[in-house]
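Engineer: Listed below are the residues making up each chain.
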Amino acid sequence: MIKVEGMTKRYARTVAVDDISFEVQKGQIVGFLGPNGAGKTTTMRVLTCFMPPTAGTASVAGFDVLKQPIEVKRRIGYLPETPPLYPDMEVTEYLTFVARIKGLAGAELTRRVNEATERCNIGDARRKHVHKLSKGYRQRVGLAQAVLHNPDVLILDEPTAGLDPKQILETRSLIRGLAGDHTIVLSTHILPEVEQTCEQVIIISHGKLVATDSVHNLTHRLRGGETVRVQVEAREGPLTHEAVQQRIEQVAGVSRVLFRETRNGTHLFDIESLQGQVVRADVARAIVEAGWNLNELRAVSVSLEQIFLELTAADAAAARSGGVQ
Amino acid sequence: MRNVVAIFEKEIKSYFKSPVAYGLLAFFALLAGFFFYFSTAFFVQRSFESQFSGRGMPMDVNEWVIRPTLMNLSVVGLFIIPMITMRLFAEEKRSGTFELLATSPVRDLEIILGKWLAAVVMYFIILLFSAINYALLFAYGKPDLKPLLVGYLGLLLQGSALLAIGTFISTTSRNQIIAGSATFAVCLLLWLLSWLTSFDAARWAQVVGYASVLTHFEPFAKGVLDSKDIVYYLTVIFFGLFLTSRSLESVRWRA
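Top to bottom, those sequences are chains S and F.
Under the working numbering, think of the first position of the first sequence as 85, with each following residue one higher.
Under the working numbering, think of the first position of the second sequence as 2, with each following residue one higher.
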């Protein structure tokens, strides 16, 4: 549905997006992830034909953003970071205007405006002036504007930024509700949002593509093996954590043992296994056979947060060393 | 075409939603009435004088009232035009709604035409308020209608030309005040150019004077319809709108 190839966007002095390529399949929800200033908004602006790429190509539903911008725009609903609202219009008046410039007319227009109003839960604000609406309502009016013409692709730039927790939850469920019929690209720097709403993640940092994969694969691929957290306690007498660490390190398949802390004589470790190895049983046996108490053993899943920091930090480090050479 | 209408309607409504439109209407109506009153009073005084002096010379309302007031109105227009055009694009750029227009399936030209036509119609509505004064002339006298109509056509053409320039300047800034003042400066300059011809008869002064909007309005005020002047205004309109479309495009490239 969306295809980006070797896309670069240069401003007067800076390179905002540097040679990125990715594809989004029909019906997917894709999270566009990156720190502030990574180039998310720029990429979205190219996809929505707001501005042309400096190099490379991008196409939506088979139409090139440079050659057939009008066709692309017909198929895209876009919610910029700040919802593009006219403060002196009433909500319905605003939606009607947007529907007209999106090419709707007559009964179809009225139907679609009502539909979008219902879908985005702004029915009770129909006759209100936009400048009197709260941030959450504005965001939803912005979203209604984007889905009005039932576009194939929805591009949402930080749809939950600046909302309160309840509104964030509402907006997320709204987005999930839209998923079936639309291909959705949403940008964010909030990771749980991606974990909760998206199937696919594209991570960019400093204008470069760092990773693109499904949420599930990404969490797996980055930490090849699993991480197990154990709590060990002496049955009798004193026990140093070094002794325990030494013992665990001898278990086959363990790549790294990290000592966390000692709490009331209980030692806490994170054990990382080698790629594709399951070490839980062996670790448990080793501890018990040594005559210690095994108080807890559980697999720890890596959060996207860690992956994200790891990826972007590695990228930044590479960029730094690249600069020195 | 439907997009032009949609944008046109939105703009016209937005003029009348803010106090700006009413303020401009009041300001213009007041000044028009003021000029009209003095021209008429002067005319009446002179006609009495000429009667009492015994050398009764023919006096013409068109020549003595309509022409000078039309000239005055064309100058008042210079002050009003920046206030009409300054918000057209600057406001959209500042509030982020420009991104909505630019990502909707609408051509730049349709956006520009919709906005500019709304400005022209707004200006025309303002102009109509001065027509009340002339209606009084027709109620109590027999002035010639055609020169007056030609005069209004001139006002409208001059306005449309300056509005096109104002529309262009509005695309260059996110700040309405800057857009407005810059437009005012350009309007004033285009007006002052005509002064050169009164000091200097050299070829270059004539050329520069030709570029003045006022030079081309004078024949209209006299009721003379000259294709040269119409072509001048149409050229300025085309030039202004062309610059607007170039500017919008460059806004996107630089974004």
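The hints are simulated quantities; they were obtained by calculation from the structure and are not laboratory data.
One should not assume that every hint holds.
If you want the footprint, here are the derived chain F segments under chain S, 3+ residues with CB under 8 Å [said to hold, decoys possible]: (1) 9–22; (2) 100–109; (3) 246–255.
Ideal Cβ positions, reconstructed from N, Cα and C, are used throughout, including at glycine.
Engineer: Examine the region 9–22 of chain F for residues whose CB is less than 8 Å from any CB of chain S, and state whether their number is three or more.
Structural biologist: Result for this restraint: holds, n = 4.
Engineer: Please count how many residues of the region 100–109 of chain F have a CB within 8 Å of a CB from chain S and say whether that reaches 3.
Structural biologist: Satisfied; 9 residues make the cut.
Engineer: Between the region 246–255 of chain F and chain S, see if three or more residues pass the 8 Å beta-carbon test, and mark the coverage as holds or violated.
Structural biologist: holds (count 3)
Checked against the numbered hints given earlier, the structure satisfies every one of them.
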